[in-house]
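As they're listed, the protein sequences go chains W and Y. When we follow UniProt numbering, the leftmost residue of the first sequence carries the number 1, and every step to the right adds one. When we follow UniProt numbering, the leftmost residue of the second sequence carries the number 1, and every step to the right adds one.
These are calculated hints, taken from the structure and not from any lab test. All C-beta atoms in this analysis are idealised placements derived from N, C-alpha and C, irrespective of residue type, glycine included. The reader is advised that the hints may include incorrect statements.
[Claimed, not checked] Simulated restraints, written as ranges between beta carbons of each label pair:
no.	chain 1	residue 1	chain 2	residue 2	range
1	Y	G66	W	P328	48 to 56 Å
2	W	F355	Y	K213	28 to 36 Å
3	W	L367	Y	S324	56 to 64 Å
4	W	I247	Y	D343	54 to 62 Å
5	Y	S150	W	I247	51 to 59 Å
[Unchecked claim] Computed list of lysine-lysine pairs in DSS-like fashion (alpha-carbon distance at most 25 Å, straight line):
no.	chain 1	residue 1	chain 2	residue 2
6	Y	K74	Y	K59
7	Y	K23	Y	K244
8	Y	K379	W	K379
9	W	K213	Y	K74
10	Y	K379	W	K213
[To be verified] Part of the chain Y face toward chain W, derived, beta carbon under 7 Å:
no.	residue
11	V70
12	N267
13	Q268
14	H270
15	A271
16	D275
17	F277
18	D285
Protein chains: 2
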Amino acid sequence: METIYEKTATSPVNIAVIKYWGKRDTTLILPTNPSLSVTLSQDHLHSKTTIRASSDFEKTRLWLNGVEDVDIEKNKRLQNCLRETRRLRKEYEEKLRKDKGPDKVLPLSEYNLHICSENNFPTAAGLASSASGFACLVYTLSQLYELPISTTELSKIARQGSGSACRSLFGGFVAWEMGSKDDGSDSQAVQIAPRDHWPELEALICIVSDAKKGVSSTEGMQTTVNTSTLLQHRIEHVVPVRMKYMIDAIHERDFQKFAEITMQDSNQFHAVCLDTFPPIFYLNDVSRAIIRMITEYNSTNSEKKLKAAYTFDAGPNAVIYTTSENIPELINLIAKYFPGNDDVKNYFFDPFQLFVGKTIGEQPLPLGFNDQIIPVFPKGSVKQILHTKVGDGPKVVNHTIAN
Amino acid sequence: METIYEKTATSPVNIAVIKYWGKRDTTLILPTNPSLSVTLSQDHLHSKTTIRASSDFEKTRLWLNGVEDVDIEKNKRLQNCLRETRRLRKEYEEKLRKDKGPDKVLPLSEYNLHICSENNFPTAAGLASSASGFACLVYTLSQLYELPISTTELSKIARQGSGSACRSLFGGFVAWEMGSKDDGSDSQAVQIAPRDHWPELEALICIVSDAKKGVSSTEGMQTTVNTSTLLQHRIEHVVPVRMKYMIDAIHERDFQKFAEITMQDSNQFHAVCLDTFPPIFYLNDVSRAIIRMITEYNSTNSEKKLKAAYTFDAGPNAVIYTTSENIPELINLIAKYFPGNDDVKNYFFDPFQLFVGKTIGEQPLPLGFNDQIIPVFPKGSVKQILHTKVGDGPKVVNHTIAN
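Modelling step: build the complete structure from the supplied sequences, incorporating the hints.
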């Protein structure tokens, strides 16, 4: 009888508040600047990967969201992750053979794999699915192989699949230290604070409809490296200062500081995209109206305290970080100016039951909010609002659960 | 019988190819970086100012497009221009009195003025009407007062009305030298090349419809100075290099170089606007689609030569610089993707009779142009296409002409 060894794990999405944009080494995926992200709860968004190993498998195969990728030999980033985890497994097997004797060790490093990976959110939503996906692949492999290494060590392998995947290996607040070595051995993720460090911090994701798919981040960031005359200044003089401030802001749970740097760094990332030649655009008119709305929302606070912070990755979707008490007001604002199509439940699922018996978009606006600041957009301009919180890192799934 | 002294002059619009954004002195209007512009033909766009002086006028009055500005005492920029030209007139009168005797000199510097200023294009179109308007005011005054000063000297006064007005005092290609002195005495416009230096260079202006009026440039640029962490790098390291390249490009009539720097500098200006906090947006989805269209149009050239260059000021309107042979192709492209409302003549007037018997927007696309690069936009997204050329500086109008 054949024996199949199997592991399943899930991994989270992370959303950067100090942005990664530019590689100094495109093969090892070494960045031109450090970055910092918040890991989001897997209750709402996650990748899930099941990996089987068997001596009977004739080759290693990969299914993404149920569709086999028949060309995995050409997928260098995948091959990097498989090769590096296998190498560690092989070393571990050799050590075990010495310690326990040759017969007691399972030669998993020699078996082919069947890998099934899926996201519980549409890939097209532009929610950094490659980060959670590669983090999940590498984490599941490390569990299947029982690798005796730290999460930070593991992050260096995930980094070679997709740069920002290294940050999805931790929950809470995570920095990707850029490192300085040529071999990438010091370019790794570290946890700045765990999930429960700042329980009030929550996130709203606005999935923004976009007619045109922008330039891929892999391609776009290197065009920026090659053509922007502002990027080097950002890398050398702006990001290092912001990293320090942001780490302090998180340690001190200082939302004012956190929000200010988050918005400024999102703006600057899109500024260097625009300074690229030809220019790269990810924000559209809806994204820009969300920025105006949040700017106005923040100005309603009489003490000049920021209440919410927007950030945008390589696409038009907005992620809004805020603290718990502002969530109902913000959801209502978004729903007023960016109403969904008629399928209400698909537009806003209300996981925390904040609007029971109330209609979102029809509650009173915050006091002092200038309601002429932006127009009401056509239905479906924002397709979906997701309400989520800070979450944990990857987890092994012991039993098959419904996705 | 009362005697009225009167002068009428017209002044051109200028469109910068190296952008002015930021003041080091907001009263004297001294910029943080030099800039360079092309003066457009007054056949299509101009300001026209008539100034009368009379000892019988009880006060100085101003009409803008037929409506009196009853609060001109509070208009400091206007007062700066009136005061400085009057001061020069007074000096001149004193000199004349010495040379010719006191009775031969008209004391115009003591007379009140009636000033009528109008644009032959809508102010709301966002075509830098304050630049042509202040240039026209100062030029007309200099003619009325018969001031014995150079155009560059005069540009320092226009600069105190509206920074970029100093560049509208010359035709052709004009640099605004930023200067370094605190009193602004070396912050002035100089002509790089006259109108007929580069006869093939032409311009298309796309008037883009915009729901929301952006932040005024006066306010916006100082917010950028105060909050952008990229602007200083642009000022110190990027613009000086670009100024040299651009002056060379113009002298050599090198469209490749001219186009590249024009587009890059427009992009960077909008990048530092986006790096402002809160961010400033002038480009909208239509502006961005025009950029994509021009980028694709340039890529159709097999020799990788640039054929057209976009530039955007503090608004969504595109100005496209190109050489004569590409004009019909470009007008056709714009009309295909950004069709006008049904009033065809108002959409495109065809001053040079390039489309007699042909329908714009329905001619074949350039060979190799990917027609899926942008969608066809709703009618009226571009309200008007203006086709114009490089033009002369301000001119005195001897007879009253229909505007």
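How the hints compare with the structure:
Checking the proposed 48 to 56 Å range against Y/G66 and W/P328 shows it holds: the Cβ atoms sit about 51 Å from each other. For the hinted restraint 28 to 36 Å between W/F355 and Y/K213, the CB-CB distance of approximately 34 Å keeps it satisfied. Checked against the hint of 56 to 64 Å, the pair W/L367 and Y/S324 passes, with Cβ atoms roughly 59 Å apart. Under the hint 54 to 62 Å, the C-beta atoms of W/I247 and Y/D343, about 59 Å apart, fit the expected range.
For Y/S150 paired with W/I247, a C-beta distance near 58 Å keeps the hint of 51 to 59 Å intact. A distance of roughly 14 Å separates the Cα atoms of Y/K74 and Y/K59; the hinted pair therefore holds under the 25 Å criterion. The straight-line distance between the Cα atoms of Y/K23 and Y/K244 is roughly 21 Å, inside the 25 Å bound, and the hint therefore holds. About 20 Å separates the Cα atoms of Y/K379 and W/K379, which keeps this hinted pair within 25 Å; it holds.
Distance hint between W/K213 and Y/K74 is unfulfilled; the C-alpha atoms sit about 50 Å from each other, more than 25 Å. Of the pairs offered as hints, the one joining Y/K379 and W/K213 holds, with about 23 Å between alpha carbons and a cut-off of 25 Å not exceeded. Hint on Y/V70 is violated. Least Cβ distance to chain W is approximately 27 Å, over the 7 Å limit. Interface restraint check: Y/N267 against chain W, minimum CB-CB distance 5 Å, threshold 7 Å, status holds.
Interface restraint check: Y/Q268 against chain W, minimum CB-CB distance 5 Å, threshold 7 Å, status holds. Of the supplied interface hints, the one on Y/H270 holds, with its beta-carbon coming within about 6 Å of a beta-carbon of chain W, less than 7 Å. Because the beta carbon of Y/A271 sits about 4 Å from the nearest beta carbon in chain W, less than 7 Å, this interface hint is met. Proximity of Y/D275 to chain W holds as hinted, the smallest CB-CB distance being about 4 Å (cut-off 7 Å).
The beta carbon of Y/F277 is positioned within 7 Å of a beta carbon in chain W (closest approach about 5 Å), and the interface hint is therefore held. A cut of 7 Å between beta carbons decides the hint on Y/D285: the least distance to chain W is about 5 Å, and the hint holds.
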